[in-house]
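There are 2 protein chains.
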Amino acid sequence: MKLSEKKIQIMEVAEKLFAENGFDGTSVRQIAKAADINVAMISYYFGSKEKLLEAMLLFRISDYMSELQSTITPAMTPLEKINCFINIVITRVHRNRRMHKIVNFEYTKDSRTIDFDKYIDQKKENYKIVEEFIKSGQQDGSFRKDITPVLVVPTILGTYLHFYYNKRFFQSVLTLPDEAAIEHYVHDTLIPHIQNTIKALLTYEK
Amino acid sequence: MKLSEKKIQIMEVAEKLFAENGFDGTSVRQIAKAADINVAMISYYFGSKEKLLEAMLLFRISDYMSELQSTITPAMTPLEKINCFINIVITRVHRNRRMHKIVNFEYTKDSRTIDFDKYIDQKKENYKIVEEFIKSGQQDGSFRKDITPVLVVPTILGTYLHFYYNKRFFQSVLTLPDEAAIEHYVHDTLIPHIQNTIKALLTYEK
DNA sequence: AAAATTAAATTAAACGTTTGTTTAGTTTAA
DNA sequence: TTAAACTAAACAAACGTTTAATTTAATTTT
Numbered sequence: 001m002k003l004s005e006k007k008i009q010i011m012e013v014a015e016k017l018f019a020e021n022g023f024d025g026t027s028v029r030q031i032a033k034a035a036d037i038n039v040a041m042i043s044y045y046f047g048s049k050e051k052l053l054e055a056m057l058l059f060r061i062s063d064y065m066s067e068l069q070s071t072i073t074p075a076m077t078p079l080e081k082i083n084c085f086i087n088i089v090i091t092r093v094h095r096n097r098r099m100h101k102i103v104n105f106e107y108t109k110d111s112r113t114i115d116f117d118k119y120i121d122q123k124k125e126n127y128k129i130v131e132e133f134i135k136s137g138q139q140d141g142s143f144r145k146d147i148t149p150v151l152v153v154p155t156i157l158g159t160y161l162h163f164y165y166n167k168r169f170f171q172s173v174l175t176l177p178d179e180a181a182i183e184h185y186v187h188d189t190l191i192p193h194i195q196n197t198i199k200a201l202l203t204y205e206k
Numbered sequence: 001m002k003l004s005e006k007k008i009q010i011m012e013v014a015e016k017l018f019a020e021n022g023f024d025g026t027s028v029r030q031i032a033k034a035a036d037i038n039v040a041m042i043s044y045y046f047g048s049k050e051k052l053l054e055a056m057l058l059f060r061i062s063d064y065m066s067e068l069q070s071t072i073t074p075a076m077t078p079l080e081k082i083n084c085f086i087n088i089v090i091t092r093v094h095r096n097r098r099m100h101k102i103v104n105f106e107y108t109k110d111s112r113t114i115d116f117d118k119y120i121d122q123k124k125e126n127y128k129i130v131e132e133f134i135k136s137g138q139q140d141g142s143f144r145k146d147i148t149p150v151l152v153v154p155t156i157l158g159t160y161l162h163f164y165y166n167k168r169f170f171q172s173v174l175t176l177p178d179e180a181a182i183e184h185y186v187h188d189t190l191i192p193h194i195q196n197t198i199k200a201l202l203t204y205e206k
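Protein sequences appear in the order of chains A and B.
Each residue of the first sequence is one higher than the last, beginning at 1 in the working numbering.
Each residue of the second sequence is one higher than the last, beginning at 1 in the working numbering.
Simulated from the structure, these hints should not be mistaken for laboratory data.
Just so you know, not all the hints are guaranteed correct.
Pairs involving identical chains hold if they fit within one copy or between any two copies, as the list cannot separate such chains.
[What the hints assert, rightly or not] Simulated crosslink set (BS3-like; lysine-lysine; CA at most 25 Å straight-line): (1) K123 <-> K6; (2) K123 <-> K199; (3) K109 <-> K135; (4) K167 <-> K128; (5) K167 <-> K135.
Since we're looking at a predicted model, the values are computed, not measured.
Kindly produce the complete structure, drawing on both the sequences and the hints.
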């Protein structure tokens, strides 16, 4: 199954609509109209609406190749590693925020028949990496020892995602007029805030 | 519009199903079957599926009377106030986690026609309270002055919500066999973790 | 207190739309 | 000439809602 231009176009349109109105809240006719194609093309290309979602997930995840290993070097201190990790992961999640929103919601459904295995593998990989960094910092004495590494990830990702899910709210409170302003705020203020938070949590003295 | 037993029963069933399968992913026939009533009763009682959701939101929000003002006294230090706030808010959100999940998702939809005003008011109120506590701590010198108060809330709520949305994942990692175990973990470990994080963020020396 | 009357609660069936998918045919490109 | 791309139309199923009839409960009249 090669990825023709048309297929990619359909997946991108679908991602946008799924993120905006939910999977169940989006009809194949809406997607077809927005992508300027015939409804039948969705079944023709992907088989079904569900399989379109799965194809889109794989398409996005394949973007995900580990830039982590290439930018984080063994010479770094544990804190530098964590900061680097936060920067990369938040930037990455922000870039794919629509997909994450869709998964975040669809994954919790009881009735789901969609295959999220690849996504979950990715997720578990992330947890392992953070855990490794934190434990090495705890061993060399630079981090507090009473921190549960597994709870650090929800703080990192949760902070960002809560910001994104309440975008409208923060836009008005922080007077961010457009998407470009939000982009800047995420990189210049939100990511440093999260880095600050985790640094403080891991290193402060009681 | 008084709240008969039947109406409450329908709203509770609807809340559960909406949280599990989404608003669009739940049909009125599913609700009717689960609540053991005739489908027509939903229109009869609430007018429409959308109005059922709105009625359910109001029903839950009315629970929300400010226990904050009654438990947080002026004699407390800013840090004590923040800790108390975290405890109350997370416990409250946890208790109403289903409703929060529904709102969190439906609110971001472009196509939404549902009235969330009461919910947003509640939310803004929370932000004002945290901001007040943090600013008073910054004035008396016990908190760092370079913290943006508005970003503290995403860290508090985001950490909890990310935990809840990935419940299945954490259940397996932390070996929490049932709902009771999760309940204990939230109160004994997650809430202290959040309190720790915010305390560290607000008080640590660089 | 019993009967008659009225209102509310509940039902099954039907309403017109919209849903995802398939079919059978046509156009385009190799 | 053959396979892939594409289309309009049709499909049955499911959707939220309404209708009209019936049962239950409350109120009023006798």
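_Intra/inter-copy verdict for K123 and K199 if alpha-carbon distance must be at most 25 Å_ = For K123 and K199, the Cα distance is within 25 Å only inside one copy (22 Å; across copies 28 Å).
*asked:* Checking an output row: K167 and K135, CA cutoff 25 Å. Within, between, both or neither?
replied: This pair counts as between: shortest inter-copy Cα distance 24 Å, intra-copy 34 Å.
*Between K109 and K135, at a C-alpha cutoff of 25 Å, which is it: within one copy, between copies, both, or neither?*
neither (34 Å within a copy, 40 Å between copies)
_I want to check one pair: K167 and K128. Are their C-alpha atoms no more than 25 Å apart within a copy, between two copies, both, or neither?_
For K167 and K128, the Cα distance is within 25 Å only across copies (18 Å; inside one copy 29 Å).
*Within a copy, between copies, both or neither: where do K123 and K6 come within 25 Å Cα-Cα?*
Neither way: K123 and K6 sit 29 Å apart in one copy and 43 Å across, limit 25 Å.
The structure shown violates the earlier hints numbered 1 and 3.
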